[in-house]
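For this one, chain W is given, so just place chain Z with the ligands on it according to the hints.
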Amino acid sequence: MAEPAVPVVVRPFEIIGRRTIELIEVLGRFGSFFLLALVSMVTPPFKTRAFVDRLHYIGYRSLLIIILTGAFTGMVLGLQVSLTLSRFGSEAFLGPAVALSLIRELGPVLAALMVTGRAGSALTAEIGIMRITEQIDALTVMALSPFRYLVTPSILAGIVTFPLMTALFDVVGIFGGYLVGVKLLGLSEGTYFGEMRTFVDLHDVMTGFWKSLSFGAIVTWVATYKGFYVGHGAEGVARATTQAVVLASVLILVWDYFMGSILP
Amino acid sequence: MIKVRGLTKSFGGQPVLRGVDLDVPDGSITVIIGRSGGGKSVFLKHLLGLLRPDSGEVMINGTDITHLGSRAMDEVRQHYGVVFQGGALFDSLTCFDNVAFPLREKTELGPDEIAKRVEQRLEQVGLAGVGAKYPAEISGGMRKRVAIARALVTEPEIVFFDEPTTGLDPVLVNTIHRLILTLHRAYGFTAVMVSHEIPEIFELADTVAMLHEGRIVAVGPPAAIQGSPNPVVQQFIRGEPELKA
Ligand SMILES: Nc1ncnc2c1ncn2[C@@H]1O[C@H](COP(=O)(O)OP(=O)(O)O)[C@@H](O)[C@H]1O
Ligand SMILES: [Mg+2]
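First to last, the protein sequences are chains W and Z. Those letters in the first sequence? Residues 0 to 263, per numbering that gives the first Met the number 0, in order. Those letters in the second sequence? Residues 0 to 244, per numbering that gives the first Met the number 0, in order.
Pulled out of the complex, with its shape left as it was, chain W reads as follows:
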C-alpha cells in the first residue's frame, strides 16, 4: 500500500487534486442518482403502492406541523407588518403584504424546511436502516430494483405533496394574518381580503408553485441519496440523517434565491 514518494513541494497540489477528483465523483453520483430517479418515473414498472405510501408518509403526516407553523407565521406577519405599515399610515395594505410574503417566499421555504425536519430526516433514517440491515440487498437479490421501491416513489411524492402543503401553509397563514390584523387590531375584513385580491397576481402564485415543486424534488432527492449511500453501522445512519437535513436546508435557501432571481 506504500504510495510513491512525492517531493514535499508537490504535496499541496496532490491533495487539492485528489479532493477535487473526489468532489467531482460525489457530484456525479449525486446527479446521476436524480437522473435515474427521473427516468424511472416515466418507465415501467411503476410501484403505485409504494408511491401512495410515500404520499401518506411525506404529505399526510406533515399536515399538523404545516397547519401549526403556517398559522403562527401568518400571525407573526400580521403583527409585524401592521406595525410597520401603521408608521406610513398604510395599514390597508396588510392583506396583500401578508399574502405576497407568504405566497412568494415564506410559504414555500418554511413549509419545505418543516417537512425536511419531519419527513426528510425520517426518510434518510428509514432507507439508511434498510441499507445497513441488508433489506436493500434483499430486494436486489430478489431481482427487484430497490431504487424503484424506495427512491422513485419518494421523490415523486415530494414533487406532488410539497406544492399542496405549501398551498395549505399559505391559506392557513393568510387566516393567521387575518386573525391578528382584523380580529385583534381592528382592520376591516373587506380591506384585508379586497386589497389582497387587487394586488396578488397569478404569477405570484406560480412563483410559489415552482419553488415548492422544486423544493419537493430537492428535499426528497437529498434525503433518499443520503439514506441509500449511508456509511457503516448505526453511527453511519445518524451522520447521514444530520447531513441530509443540513444539506437539504442549505440547498432550499440557495435554490430559493436562485429561483427568486429568475422567476418574475
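Please keep in mind that the hints were generated in silico from the structure rather than gathered at the bench. Virtual Cβ for every residue (Gly too), placed ideally from N, Cα, C. Incorrect hints may appear among the rest.
[What the hints assert, rightly or not] Label-pair distances were calculated between CB atoms; the ranges are:
1) W/67 / Z/70: 42 to 52 Å
2) W/27 / Z/17: 30 to 40 Å
3) Z/90 / W/27: 24 to 34 Å
4) W/44 / Z/54: 46 to 56 Å
5) W/25 / Z/54: 26 to 36 Å
6) Z/22 / W/230: 53 to 63 Å
7) W/24 / Z/36: 20 to 30 Å
8) W/261 / Z/10: 42 to 52 Å
9) Z/70 / W/34: 10 to 20 Å
10) Z/51 / W/230: 18 to 28 Å
[What the hints assert, rightly or not] In silico lysine to aspartate or glutamate, EDC-like type, Cα no more than 20 Å apart, as pairs:
11) W/46 / Z/107
12) Z/115 / Z/154
13) W/46 / Z/96
14) Z/105 / W/136
15) W/46 / Z/104
16) Z/115 / Z/96
17) W/46 / Z/90
18) W/182 / W/194
19) W/46 / Z/73
20) Z/44 / W/136
21) Z/132 / Z/122
22) Z/44 / Z/56
[What the hints assert, rightly or not] One-sided and incomplete, this derived list gives chain W residues near chain Z with beta-carbon spacing under 10 Å:
23) 52
24) 129
25) 133
26) 134
27) 141
28) 144
For chain Z with the ligands alone, kept in the frame of chain W given last:
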C-alpha cells in the same frame, strides 16, 4: 453447479479475498467456516452479484456472472433464495406480507394461491399464526425462520444462508439446522451456507470449506475436515485462540 476460480477482492488496498477456489455440486449443502471478519460474507456477496471481484470468476450453471449487466444478473437471481445474516425482513411489512412479497411482486399468482403458499411455508418453519405480526414484534429466532420461509417461497434452485443461527441459543440452533435439512430433503436445492456452529454443522454439511486469510485452505466432507492434518483447521474447530508468532 457453482464454480469459483481465483476470486480476489480488496477494499481500499486491504485484501479480503486472495484467490478463492470452490466447487459446489448441485443439490449439495456446502458450509463455509472461518474466523469472523475473514471475508465469508464478502465471498457470499460475490456469488449473489452484490459485489464485483477485482479478478477471478464465478460460474453459476456455466455462466460467469462477474461481468453480467443488471438485467442478465436478475435473470440468474430468479433461481436464488437468500437468508441474510440478520434476516433482512422488511420492517414495514408483516411476517405474512414479507413471505408473500416475492410471490406478489414476481409472479402472476392470485391472492388465494399466494395465501395458501405463504401459510404452508410459515407452517413448515413452525410459525403458523404469527403471520400478522411485524418483524419487530417477534424474537430473533422467529425472524430467522420467517427469513428462511421467505427465501424458500419461490422454490429456488440455489439457497444462500449467511449465518442463519448466529446469536441463537443451542436448542434453536438445532431446530433451525433440522429445519434446513428437512426443507433440503423436500426440495433438493443447492445450499451454500456460512456458519460458525461447530460441531453442529458437521451433521448438516455434505462439504465443509474453510476460508482463512482470503483462501480456501481446506475443503472436503465433514469427516475429512474433522480429521484434517492442517493445524489452522484443527485450531479453528477446537476453538483454540490463535497463536501469533
Ligand atoms: N463494503 C465494504 N467496504 C469495505 N470493507 C468491507 C466491506 N464489506 C466488508 N468489508 C471488510 O471485509 C472484511 C470481511 O468482512 P466479512 O465478509 O463481513 O466477514 P465475515 O467473515 O465475518 O462475514 C472485514 O474486515 C470488513 O470490514
Ligand atoms: Mg458475515
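Hints versus structure:
1. W/67 / Z/70: 42 to 52 Å: 48 Å, holds
2. W/27 / Z/17: 30 to 40 Å: 31 Å, holds
3. Z/90 / W/27: 24 to 34 Å: 31 Å, holds
4. W/44 / Z/54: 46 to 56 Å: 35 Å, violated
5. W/25 / Z/54: 26 to 36 Å: Roughly 27 Å apart at Cβ, these two residues keep to the hinted range, so it holds.
6. Z/22 / W/230: 53 to 63 Å: Hint violated: Cβ distance 36 Å, outside 53 to 63 Å.
7. W/24 / Z/36: 20 to 30 Å: The hint (20 to 30 Å, Cβ to Cβ) holds, given that residue 24 of chain W and residue 36 of chain Z are roughly 28 Å apart.
8. W/261 / Z/10: 42 to 52 Å: 44 Å, holds
9. Z/70 / W/34: 10 to 20 Å: Once the Cβ atoms are compared, 19 Å apart, the range 10 to 20 Å for residue 34 of chain W and residue 70 of chain Z holds.
10. Z/51 / W/230: 18 to 28 Å: Once the Cβ atoms are compared, 20 Å apart, the range 18 to 28 Å for residue 230 of chain W and residue 51 of chain Z holds.
11. W/46 / Z/107: This hinted pair holds, its Cα atoms lying about 16 Å apart.
12. Z/115 / Z/154: Judged against 20 Å, a Cα distance of about 14 Å means the pair holds.
13. W/46 / Z/96: Cα-Cα ~16 Å, so holds.
14. Z/105 / W/136: Holds. Residue 105 of chain Z to residue 136 of chain W sits at ~17 Å (cutoff 20 Å).
15. W/46 / Z/104: 10 Å, holds
16. Z/115 / Z/96: Roughly 13 Å between the alpha carbons, so the hint for residue 115 of chain Z and residue 96 of chain Z holds.
17. W/46 / Z/90: With Cα atoms ~18 Å apart, residue 46 of chain W and residue 90 of chain Z stay inside 20 Å; holds.
18. W/182 / W/194: 17 Å, holds
19. W/46 / Z/73: Between residue 46 of chain W and residue 73 of chain Z the Cα gap is close to 18 Å, so the pair holds against 20 Å.
20. Z/44 / W/136: Holds, because 9 Å separates the two Cα atoms, which is no more than 20 Å.
21. Z/132 / Z/122: Given that 20 Å is the threshold and the Cα spacing comes to 15 Å, the pair holds.
22. Z/44 / Z/56: Holds, at about 13 Å.
23. 52: 8 Å, holds
24. 129: 8 Å, holds
25. 133: With a minimum Cβ separation of about 4 Å from chain Z (threshold 10 Å), the hint on residue 133 of chain W holds.
26. 134: 5 Å, holds
27. 141: 5 Å, holds
28. 144: With Cβ-Cβ at 8 Å, under 10 Å, it holds.
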